[in-house]
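Engineer: Line order of the protein sequences matches chains Z and H. Using the numbering used here, read the first sequence as starting at 1 and increasing by one per residue. Using the numbering used here, read the second sequence as starting at 1 and increasing by one per residue.
Any given hint might turn out to be false.
In silico lysine to any residue, SDA-like type, Cα no more than 25 Å apart, as pairs [claimed, not checked]: (1) K379(H) <-> D335(H); (2) K449(Z) <-> E286(H); (3) K520(H) <-> G283(Z).
Keep in mind that the hints were calculated from the coordinates and are not lab data.
What follows is the residue order along each chain.
There are 2 protein chains.
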Amino acid sequence: MRLDRRFVLVALLCATLLAQAPPRMPAEGSERAIEEQFLSVPDPRQAEQHMKILTAEPHVAGSPGDRKTAEYVARKFREWGFDTEIVEYKVWMNYPAEVSVDAFTPAGAIMHGPTKEHVEDDPFQDDPRVVMPFNAYSPSGDVEAEVVYANYGRPEDFQKLTEMGVDVRGKIVLVRYGENFRGVKAYMAQETGAAAVLIYSDPMEDGYFRGDVYPKGPWRPDTGVQRGTIEYGFEHPGDPTTPGWPSTAEARRISPRDSPDVPKIPATPLSYRDTSPILQRLGGAESPREWQGALPFTYHVGPGPVRVKLHLKQDFGYRAIWDVIARVRGTRWPDEWVIAGVHRDAWVYGAVDPISGATAMLEAARGIGHLLQSGWRPKRTIIFASWDAEEQGLIGSTEWLEQHEKELESAAAYFNLDTGASGADFRASAVPSLRGFLRDIAKSVPSPKGGTLYDAWRTAVRRENSPTANPTAEPQIGTLGSGSDFTSFLDHSGVPATDIRSSGNYGVYHSVFDNFAWYKKFGDTNFLYTQEIARVYGLQVLRMADADVLPYNYEAYGKEVAGYLDAAQKSAAGQFGDKAPKFDSALAAARRFAQAGAAINALVAHAPSRVRDETRSVAPPLSLAGFERQGGDVERLNRILLATERALLLPNGLPRRPWFRHAIYAPADLKGYSASTIPGVNEAIQRNDAATTAQQLEALTGVLNRAAALLEGFHPASSELFVLRAVPTGLR
Amino acid sequence: MRLDRRFVLVALLCATLLAQAPPRMPAEGSERAIEEQFLSVPDPRQAEQHMKILTAEPHVAGSPGDRKTAEYVARKFREWGFDTEIVEYKVWMNYPAEVSVDAFTPAGAIMHGPTKEHVEDDPFQDDPRVVMPFNAYSPSGDVEAEVVYANYGRPEDFQKLTEMGVDVRGKIVLVRYGENFRGVKAYMAQETGAAAVLIYSDPMEDGYFRGDVYPKGPWRPDTGVQRGTIEYGFEHPGDPTTPGWPSTAEARRISPRDSPDVPKIPATPLSYRDTSPILQRLGGAESPREWQGALPFTYHVGPGPVRVKLHLKQDFGYRAIWDVIARVRGTRWPDEWVIAGVHRDAWVYGAVDPISGATAMLEAARGIGHLLQSGWRPKRTIIFASWDAEEQGLIGSTEWLEQHEKELESAAAYFNLDTGASGADFRASAVPSLRGFLRDIAKSVPSPKGGTLYDAWRTAVRRENSPTANPTAEPQIGTLGSGSDFTSFLDHSGVPATDIRSSGNYGVYHSVFDNFAWYKKFGDTNFLYTQEIARVYGLQVLRMADADVLPYNYEAYGKEVAGYLDAAQKSAAGQFGDKAPKFDSALAAARRFAQAGAAINALVAHAPSRVRDETRSVAPPLSLAGFERQGGDVERLNRILLATERALLLPNGLPRRPWFRHAIYAPADLKGYSASTIPGVNEAIQRNDAATTAQQLEALTGVLNRAAALLEGFHPASSELFVLRAVPTGLR
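So that you can see chain Z by itself, here it is in the shape it has in the complex:
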């Protein structure tokens, strides 16, 4: 696609004059009234009611309790006017049947576990339906072996053990939670020849070292255990027997034994109460001092003399799970789905994870429903999704996505929630194209602290950083890693995504104590931050659904990618020296992408505005009608904007894990939850593979040039005239 020089020149002039103005999607008079109407709906008392009902009983994926929550959510969606269905998938999952962990030294037994999760006073802990602590997708097994302590179970931790002369082959590896995804711990132990894995919660990470423990405070008590999946989701998320396709009734299945996503050695989680006697009696060398946790003795690495006898019997089988999908069809662009998803299944009660998020989604949906009842209809199709079996491996979202891959090619956005509100600190992650969109929304939502959420967010970020931090700096928005349902949407299908939460001292993650009693004492006790999250969440949906021009900022995206490339270039120089591949073409492509994005920003910032932004003294913006009258082809522009996001997918996916196709983001390979940026390039550098680095740089360059060319291809007939008129009078 060739570039029209005049268009570029004018657009660049405009872009320069307006600096980095992000695309603005403010509402016109009536739109503002609609937003106000929406914002008035989410309600703390209603939220509390939803949470009380949804956390009334344990509801692990596939259980009767889970089914009940699906029905409650579906009933509510229908009540509020959405077309709602409960979508069932049969997926391969396990529940624990028998778990025992016995530790002994040559002198005799020292621990018979696991100890039941129990504190002095908690009304929920004794329900017989509580699933005992386990790791999803651990195989059954009986192992007896000496124990080796391996810190966080990161690649560098196993490397350190090798340097220390400690052989983990045939041993039971004891690792602490933290720093990475627990599946990486299991994978590393498996790859280094360990016989089994015990994963415990050190009080330094989320126990007494952090603060008072439950029920006195919010942190993990000594018997508290973190359940969790160890599915190798960095290979594929979802049902491990349908890697890459949906688990529909007629679906082909591979044998779980052949699935690359299923661990081969047994693993089970432990409390620090049960771990302490094991770790205290480990012999061998002192652990490196940075491996020391907060238990009251010096940590050694072993092996032995402590031996553990591990007995795990897992109840594997195909189980029904239930996504609840609610939708309202868009009037103008029904194929451009705006999807808002939160999972509903919990390891036990899941007051924070995920019911605080599910509750916020319900209140957002109720707000949209309110608008529907008054006759309003969205321009794009809105879908609220209550996912199931997220905890086992993002299964509900991934199977649904795999069933709707074709339709998702034109999805406008995926908005995620998970742990909705566990405290007062707003946090967000998003693709660079949606960061400005999210910040703008924060300016429209009031904070329980007073003022707007945007102000409170920026103040908090400034307080956390040094006092000398730039007081006008924008609040930071992180990169999307993995560990929640946005993963497949972004990393497989290229749907631009955001993820928000309101954080606190959440020390009972994945334990029986993440329940309504904890939440009322230490979470969002009066549901004001749930209300805030519901408002932000719903406003994202509302603005995205009704935006005349899709609010994607590709200038920001291109600049962000250029930053990733700069960092990778330094890594490559360090790794390969003179033999480092050249980054020039990739950097040029990133800059071209940013420049093309800036040209579009300059157009749309002043064209299709529907509400005056009183904070900017610009000439009255043209209406959408005006834009179109002057030759602005909104349909075409939106199609290009959508295609640009998809242009960031690698045609062949990532090396070694082709299901992950996004060129800019992927779940970190062996590092866990945090995002890997420009993963093809960075992972090749980390593997010291210069040839693949060069090849991935080339692929990335292609992707960026393709995206840039798409944007450059937008060339409305009278754009020059239009753009000149859109330049603010004050600047002419």
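Take the given structure of chain Z and dock chain H to it, following the hints.
Structural biologist: Below, chain H without anything else, positioned relative to chain Z:
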């Protein structure tokens, strides 16, 4: 004193050409042979023998065991040919008579302490002569009150308690050791109105969090207690009843009650075993998270509900202490004393502190004695000093110094040792004028790790810093703070000083476990690092005693002070804004001092050399005789160099504590052991006192200009000619 322009110009030319060559004091052929002879003497087996004898029984200052060690040291000095005397002072000191600490909550008693220091297996712990843990100079007292936890007891910790609304008045303040001098903890508690102080050793500082505890490892076991003085030595060190004059038989005494150096509220140290039940049951708010230590519960600040009943009965009185002073008179400059001192008294056995240092001194003295036996005599007087009652407050060294103030005006240097060798890591502190001297000596001493100590030291420093650190960087030498016997020499009398040690995992500081059994397992087990320290220590004495020109580098000193001024200027700008006093004159004076120092360096670097430095391709240096033949007046130069050090003393001393007279260094005011640099200025800034800051800047400017003028005043008759000849041929 006016400056001769020609001298300055030529000297500066030379200085520029030679960059920053420090004064070099290498030995001529015969001198090198003498050094080699000296270095061959210090011996690991002999060192072990000294230590065994000196740690055979407890020997706290003033005890019969202490007297025995004085006699052993004196006998050895005499054996080796030194004029030796045991100098007695009667000083005000306390031993503990009765100590009890009982803790209880409303529900009943929770701790009856202190628990005796005891581990499973230690041959020394049960000696009845072991002094029970106490804080020297704590008054007697009976206090019962609620407990408040105050972290390290720093000014900012008490400030934080105030912000939290916790009133410490009338309370028993519990603080942990670390971060500052324990006397500061007591002082701050007293000043804020607390009734008493408990100071405990948190396992995060030197217990199991750091590594295995004694007897399995070198770190502090649960019953281990850190004894120590809380004398307000930042007011004056030494006998508190003779502040500023020696405690001779006929000395005037002030009442201890009137002494500014004696704390007014009771204090006693505790083990973490005894502290744990108290701290675990404290109520009130959670402590700030950075106040959390390594005990296995969340630390709260109180007050109460735990109450402590503290009973302290101290046995105060005038007690005899014994310095052992050994000397050999100098042949050419007998009044320019070169003093090497180490204390000998210990809280209990003191294998590391101070006997590893005393042992190294003995081996250094034996080496010098060896030279004496072969007929060699030093040019300057050498004094080896074995101080007493250092632990109570640097008493032996301070009283002796106060008795010899006049003679010390011409002392050439004071070389300190304290904890001689507790491991393999060489560490040094020194005045800037002696840093090059010390680094040069490290080049002449072999390391047990192979190569020279200088190489090993530099490699270790590089390893500790980032891998990208400059590989040719000099090893760092610290500033002299307080906490050992160099304090009075430097800070009161202006004698340039160094302090060296070989460090390790020394976790049993000031406890009964700092004994020969610990040392043989975890200290310098084969005494090779004691040998290394003895060699460095003795070589300092030897080179300083025989140097024709005193090896002081004032260029380095001036630059260092300019650096302190730069930092202080930034603090002042932060504190006072526009009203900050001007630093220009002081900075100019520091630069003038450095420049005058550079001129002298350029002269002496090429004049009185006695051994060729093969690493530099310069013209053959002139001999001392040549220097003198050409009009270089060595006597005058040395007098000026000595006077320059004394010129750094403030005529009126520091504000608020005039006994401390050094303009550049003082013990940190309320911060403890670490040095306060340009203390008059920096402490006035910290106190937010702009007027005093300006006045102290003026005083400092005067000091620096006076020092510079002294150096500039050295003007040998034919110096121009001499200097030009001394310029390396390659550079002409």
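Engineer: Does each hint hold? Answer for all of them.
Structural biologist: We went through each hint and held it up to the structure:
1. K379(H) <-> D335(H): The given pair, whose Cα atoms are some 10 Å apart, holds under the 25 Å limit.
2. K449(Z) <-> E286(H): Cα-Cα ~23 Å, so holds.
3. K520(H) <-> G283(Z): holds (22 Å)
Every hint, counting from the list given before, is met by this structure.
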